[in-house]
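*Asks:* Dock the two chains into a complex; use the hints.
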Amino acid sequence: NAGVTQTPKFRVLKTGQSMTLLCAQDMNHEYMYWYRQDPGMGLRLIHYSVGEGTTAKGEVPDGYNVSRLKKQNFLLGLESAAPSQTSVYFCASSPTSGTFSSYNEQFFGPGTRLTVL
Amino acid sequence: GENVEQHPSTLSVQEGDSAVIKCTYSDSASNYFPWYKQELGKGPQLIIDIRSNVGEKKDQRIAVTLNKTAKHFSLHITETQPEDSAVYFCAASLEGSARQLTFGSGTQLTVLP
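For the record, the sequence lines run as chains A and B.
The first sequence: position 66 = 67 (the working numbering), numbered continuously.
The second sequence: position 81 = 1093 (the working numbering), numbered continuously.
Source of the hints: derived by calculation from the structure; they are not laboratory data.
Nothing here was measured: the structure is a model prediction, and the numbers come from that model.
Be aware that one or more of the hints could be misleading.
[Said to hold, decoys possible] To give a feel for the contact side, a few chain A residues facing chain B, derived at Cβ under 8 Å: (1) Phe11; (2) Met28; (3) Tyr65; (4) Phe91; (5) Ser95; (6) Gly99; (7) Glu106; (8) Pro111.
Note that beta-carbon positions come from the ideal geometry of N, C-alpha and C, so glycine has one too.
Okay, chain B solo, but in the shape it has when bound (with noise of 0.2 Å):
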């Protein structure tokens, strides 16, 4: 079966400056990978996803990006605020699945005022 590892395991940032998140997959068929946010007591959240098709997808200040022949991917957030501050959770799927989700470890990312 499919293997997302994750890292960082923690990551803490000076509010404004950017965080990258990694991602890394085993499963070559392995084409949808989305990026769930975790605030604390509160179930993940989508917030930005890509397919295997597409190399970059961009959302204000989040983007995410592909490398299929690496099998990775990353999560990169400019100009972070406290309000970034939660676990962030890579996770890869493939179409036709009934969409199961395999999940990365998570990453808990403190943004310092």
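With the rest of the complex left out, here is chain A (with noise of 0.2 Å):
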């Protein structure tokens, strides 16, 4: 069971790039989430996905794309980089059922560390 996992680690980008995050989780969890952290300002919801094939815009989607094609999969695309998007990116993802503290915990990855140049 390895949780909730992101690909890759690691990513250099110029200006203008584009590149795809995968996150997989192995929970069977319905909801999943993409955050951005950056320093001083906590973690930010970019898109968020209710079920296999939903998406929905979180606080700052500008920018990014995502696609929930199957259920365990939550795929986060930068179509054209900008160096304001230099980031840590987290995915997240949550059950619907259990008790309550179980239902409303989020499972985050390790996450991404993006730098655009």
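*Replies:* Structure below.
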């Protein structure tokens, strides 16, 4: 049981390049999330999904797109990277059943450190 | 939307002392308040949470208190140990909102041996 995994762990891009970050979870969770973490700003929600085939915007969605074609995977895309997107990106997943604490808990992956030059 | 403020940004305590981290939220409709711990190089992990119909919750050395009227909640860690050193985040959300969490800016806790 690997939990939530993220690929790649590190990436350096040039301005204007594109890339896709992959998140995978093996806990059969319905909900999945993408966050970015910047110094002094905590984690901010980019996009989220409440089930296969669904996506929705979070607090800071501009410049990103997502897809949830399979329940276990949630992809985050940057079509034209900008230096402002330099950040650490975290994926998380959450179940929809269980005790109150268990179904509200978000399980986070180890993060992807992205630098845009 | 919701806004969560967290203080202090850094906190150093001697091993065995207590640590307190405070957060305020803006949306009176928020009703779920978790705390996450993030160790260096890892993703955040839930350590304790509280619902708005509860004033206090305790789990061994960790406790959380909630004051709905004042819209603030706090994390209390007693008998701190070096392994408590990490970044702690508070968050707030509204049940039924796909569990969208609004996080505070984080507190770097250092426990000195």
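*Asks:* Hint by hint, say whether it matches the structure.
*Replies:* Tested hints:
1. Phe11: violated, 12 Å
2. Met28: violated, 14 Å
3. Tyr65: violated, 16 Å
4. Phe91: holds, 5 Å
5. Ser95: holds, 6 Å
6. Gly99: violated, 13 Å
7. Glu106: holds, 5 Å
8. Pro111: holds, 5 Å
Checked against the numbered hints above, the structure breaks hints 1, 2, 3 and 6 and satisfies the rest.
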